[in-house]
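**Q** The primary structure of each chain is shown beneath.
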Amino acid sequence: MTDLAQLILSGVALGMIYALLAFGYNITYSTSRTINFAQGEFLMLGALTGLTCDVRLRLGYLGALAGAALVGAALGVLLERVAIRPALRTGSTVAWVLATVALAIVARNAAERIWGTDDTLFPAPLGSDPLQIGGVRVLPQELLVIAAAAVIMLLVEAFRRWSLWGRAVTAVAADKDAAALVGINVPVVIVASFVLSSAIAAVSGVLVAPLTLAGPTMGILLGTKAYAVAIVGGLQSGVGVVVGGLLIGLCEQLTARYISTGYKDTPGFVLLILILLIKPSGLFGRRSIEKV
Amino acid sequence: MARFLSIWRRSRLPLLVALCFCVPFVTSNEYYVHSVLSKVCIYTIVIAGLDLVVGYSGDVSVGHAGLFAAGAYTTAILVWRLALPYPLAVLAGIAMGALFGLLLGVPALRLSGPYLAVATIAFGLIVQTFVNEAVWLTNGSQGIRDIPPLVWGRLSFEGNNFYFLVYPLMVLSLLAVHRLARSYWGRAFEALRENTVAAECSGVSRYRYKLGAFILSAALAGLGGGLFVHIDNYIGPPTFSEQLSILFLIALIFGGTRSIAGNVLGTFLVIVLPDVFNPVTDYQLMIFGGLLLFTLYFVPQGLAGLLGAVGRRLLAGRFGEPPAAAAPVPAGDAVAVHRARPTAGGALLETQGLTVAFGGLVAVSALDLHLEPGRVHALIGPNGSGKSTTVNLLSGLYRPTAGAIRFAGREIGRLPPDRVSRLGIARTFQNVALFGDMSVLDNVLIGLHHSFGGGLLHVLLGSGRARREETAARARAQALLEFVGLGGLGGERARSLPYGKQRLLEIARALAQDPALILLDEPAAGLTSAEIAAVDGLIGKLRGLGIGILLIEHHMDLVMSISDQVTVLDFGQCIAAGKPSEVQRDERVIAAYLGAAAPAAPGAPGVVHA
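Chains A and B are the protein sequences, given in the same order. Just so you know, this note's numbering puts the end of the first sequence at 292, numbered straight through with nothing missing. Just so you know, this note's numbering puts the end of the second sequence at 1610, numbered straight through with nothing missing.
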């Protein structure tokens, strides 16, 4: 029983990281109908930047988070400029998918050159000794991940709903032309959405790295699973990504425990295909009607 | 000189193909022939297939390495474990690729958007996990080593001879892709990419052709995989990583999409460049990524397009190329413009209580329409009264919330737009929806999509039937262009036509579908009065052909002069119906247009501006 409780907790922690990344897809998809195929690489760059800030520059874990957020924000601007804006101008899906994929391999290669190809241990800020809670052994970092992810998502959601800026984002998501007509600077809103999304990805890198390891390849699987989460939950739904993230995180832990660790990465992708077959708009998505 | 040039032009390609076949006779360097050229041939097969998806259909697959792996592992396992003959094993590899293409495409292509890209990335990772983990089948990370050499008696395809197997297969694959791309299939791919809604409303099934492109592409990846097994007589999991999928995409974009020369060129460079960049091999991915970005935005037509443009410019000065031969098309008179459909007597289209609601907003409410063949039925009303929504309902783009649509005795309310088009309802769009980068003639040919009965095999084999159908369709498309007054413009790009002519082209495309009913959504919007007169005349001619017409229009002079019947909508509800003269006098109509408080103006409400 405690064994299962432990699995569930690790599943939830992992699921929250997926949810956080998918939440980032959610933000950019709503404003620009694109998602960043380099999101996993941004997570990785965030983790490695954090590692440098924390260990090399001795800025501590908070310094690592701040450094990652800054680098993430800068990457967001770069991404929007280099990959998204030109593609939106040509109106071609192929262009933005390929441009973000190109950025992903450039980012991975750059990280290898800067930080080396090896995986490094990321010191856990709250220590790596498990806590005993009712007989269940819990890593403090897992609790930190769950709490931090929840706080970030709640803050962003509150910002989206109740601040003027957030409403501008919602307006752009609903109708770009109408938003522009009432005086919203649509290009700026789109840039802002990429800045936010990329900063969140980079911060989640610093959150997850103490649980995994930090290295140039850490982003591939995490990023890909987050696509699965985003689509399973519904590309436009904030609740959906949390439920999707938790669902996939749990399925993975259960697969690893009861089937084989080798296959622990597959349930997310199986769920993805199933959802596309059964309810392609996602668990919490609504079918949108395109105006002709 | 001219004669020499024409012979040269016709024979240069076969000559080049034959010359390339002879390379191993010239150099016997094992590295260049076997490791480079044979690999180029195999990858080119995969990339030409990928072009069907990315270049023609406009979707992205980031999982072709997974399909490639499926072909390779199927082939290798069959010859190694079951000692199946190699050709059979390769066929099984192709089938396995196609099967996975089907399994992936069916769910992922239902919606447009990034779904295929995401699903294929996931698929690629699953395949990699599987070949690593299923040791009992794939030998896991060890890979499969003991693949028997390709020797039958004295015939050996080992070493440099392997090229004599893969090169012809590459040529055949490229020929197949070329034929497909130049056929109505290729046109359907392009139309769907340019404007999905317009293509569907012209009778092209989005799902069928997107899926078709993806499955064919997957089958070619399977073939490539089956051949790849013999590059080293060894396969192992690291080869089939996500990076290989990306490499395929880079080769495709770099060489140039929708071009066979581009496919070959791009593949060649991607395989050879790492050797060139050997000193900076640690930065290889950065260089490739940078190249991809650069090509995407600065050389979108790719290297082949660039070289082609440069070559044409150089040659033009020297020889003066003959004008691009517009295929000679027989005179329009001989070809029937419209083939009437046998229709049962009575109403052509009837709606009963037709209602659609978007959330809480009821856009069309309990609408009853009754349209007859050979008559013009106008649907008018202020902006936002539900006219275009009605057209979208009738053409299958929206599903009614309640009520029935009966067309020629058949309930069509739940049919998708391409089926509706095939049953005989064609439409035009309020905001002109043409395939802008395709030629004017090709736009009409998309409307004639239904006239092609020869299936995929006919196209791939270049059968007589496929050619006859193409010739007949071209002749009819030309006749249709002449019918609407665009006879000499078939070779222009649709985008470059003036606005008024674009509207006429839409009507030609609609007429090409042999409709019994045409829905014209504001055909005169934005036109000059001379152009409006042309549209007016054209509508009369359509009626003369016995076609029923539903006309949405704000130009009241046009509506009142041409319509047999008028229905007036306001807030989604029918507020008046009858002959034009009756409707003009209706108090509620005048109130809807001019406001209730206004004095009832005599005569027509006049032109109402949007």
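Do not take every clue at face value.
[Stated by the list, open to error] Below, a list of computed lysine-lysine pairs in the DSBU-like style, where the Cα atoms sit at most 35 Å apart:
1) A:K264 x B:K1039
2) B:K1501 x B:K1579
3) B:K1541 x B:K1579
4) A:K176 x B:K1541
5) A:K264 x A:K279
6) A:K176 x A:K279
[Claimed, not checked] Calculated Cβ distances over 10 Å to all of chain A for the following chain B residues:
7) S1028
8) G1058
9) R1110
10) P1148
11) I1412
12) D1586
Hints in this document: simulated from the structure, not taken from any laboratory. Think of the CB as a built atom: it goes at the ideal place given N, C-alpha and C, for glycine as much as any other residue.
**Q** Which earlier hints turn out false for this structure, listed by number in ascending order?
**A** Of the numbered hints, 4, 8, 9 do not hold.
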